[in-house]
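Generate coordinates for the entire structure from the input sequences, incorporating the hints supplied.
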Amino acid sequence: MKALALDFEARTLDWGELDPPEFYASRDVLYRVHEVGVCGTDRALASFQLGAPPAGEARLILGHEALGQVIDTGAGVKALNRGDWVAPTVRRACKPPCSSCARGRRDLCVSGKYTERGIFGLHGYFTEMAVDAEEDLVRVPLKLVDFGVLVEPLSVAEKAIMRALAVHEGEPRTAIVLGLGPIGMLAAMALKARGYGVKVQSLEPADHPRAAILRLQDIPYEPGLTGSADIVIEATGSTEAALFALEQMPPLGVMVVLGAANGAGPVPFLRMIVNNQTVVGSVNADGEAFRAAVEDLARFDRRALAALITRARFSDLKKSLTGAFSVAPKVVHVL
Numbered sequence: 140m141k142a143l144a145l146d147f148e149a150r151t152l153d154w155g156e157l158d159p160p161e162f163y164a165s166r167d168v169l170y171r172v173h174e175v176g177v178c179g180t181d182r183a184l185a186s187f188q189l190g191a192p193p194a195g196e197a198r199l200i201l202g203h204e205a206l207g208q209v210i211d212t213g214a215g216v217k218a219l220n221r222g223d224w225v226a227p228t229v230r231r232a233c234k235p236p237c238s239s240c241a242r243g244r245r246d247l248c249v250s251g252k253y254t255e256r257g258i259f260g261l262h263g264y265f266t267e268m269a270v271d272a273e274e275d276l277v278r279v280p281l282k283l284v285d286f287g288v289l290v291e292p293l294s295v296a297e298k299a300i301m302r303a304l305a306v307h308e309g310e311p312r313t314a315i316v317l318g319l320g321p322i323g324m325l326a327a328m329a330l331k332a333r334g335y336g337v338k339v340q341s342l343e344p345a346d347h348p349r350a351a352i353l354r355l356q357d358i359p360y361e362p363g364l365t366g367s368a369d370i371v372i373e374a375t376g377s378t379e380a381a382l383f384a385l386e387q388m389p390p391l392g393v394m395v396v397l398g399a400a401n402g403a404g405p406v407p408f409l410r411m412i413v414n415n416q417t418v419v420g421s422v423n424a425d426g427e428a429f430r431a432a433v434e435d436l437a438r439f440d441r442r443a444l445a446a447l448i449t450r451a452r453f454s455d456l457k458k459s460l461t462g463a464f465s466v467a468p469k470v471v472h473v474l
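For the sequence shown, this note's numbering begins at 140 and goes up steadily by one.
Quick caveat, the hints were computed from the structure, so don't treat them as lab data.
Do not rely on the hints blindly, as some may be mistaken.
So the derived label-pair ranges between C-beta atoms look like this [claimed, not checked]: (1) L355 x L304: 21 to 29 Å; (2) M140 x R438: 34 to 42 Å; (3) T365 x L281: 39 to 47 Å; (4) S186 x Q387: 27 to 35 Å.
Think of the CB as a built atom: it goes at the ideal place given N, C-alpha and C, for glycine as much as any other residue.
What follows is the structure, given as structure tokens:
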């Protein structure tokens, strides 16, 4: 079967042929990969900015956003059947498990020795078939199959929102999402579904096609950074944007940082102390966030979800990874 992989020795990105995967445990699930999404992490991997192949190998099959259909299950699989649709989680626990991984929160791994499908130490889903343990798969209802590939990126937004609400000391009512990328847009949709007054801010012009998708759901978009809100979700990758938003936060405000890079700038520590403000870092997602993603997909406007996705051929994956950025929020390749 075909697979798109990075060769860390040759520094190349190319197609190769693989043998189909095999069962290793009774709780394994074999599934055919139907769709794969491309995100900024994949593009960074393709330019060798991060990532690592499995131990003892030079190549890493990319891809961590996927939707598949179950072909077969091991004897110990209880909740999944042939024909079910599934979205895989990304991170796998460290071994031996740290305190977080031992309690099922591999997204909070404290050893740093976790692996991630298609990113660090484990092959990913830019291929035709895959095997995962049942507990590493989330069932996608048939009515949501058209949007099931969004489960993984939405889970990242769901965890960020959960973190913000867990630490906010008041009764938050307003939210700002920084960034007009797919995670930012999905975060805004999830916040609106929960009844928050939410707006999105980014550097794209007001007439950008992505802003039109927000308008479908009555979510305001503002070019530039202005104002403040009880909750701020940073999904820009910009240190400057994060620091600016921090300066504007109201008392008890909470910012969850998802993408800002290392940088330098003034941090208003005294203001944060006086106003009981909180900054939280968040990465990956746990089972609760993945389940919340499935539930929210069922609540979102289907017109907006359809507009988020542009589909392309599986054979065009290299172009999405190394070519110009797409105007479409999420490019999905169909096998």
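Hints and how they fare:
no.: 1; hint: L355 x L304: 21 to 29 Å; in the structure: 26 Å, holds
no.: 2; hint: M140 x R438: 34 to 42 Å; in the structure: 36 Å, holds
no.: 3; hint: T365 x L281: 39 to 47 Å; in the structure: 43 Å, holds
no.: 4; hint: S186 x Q387: 27 to 35 Å; in the structure: 33 Å, holds
No hint from the list above goes unmet by this structure.
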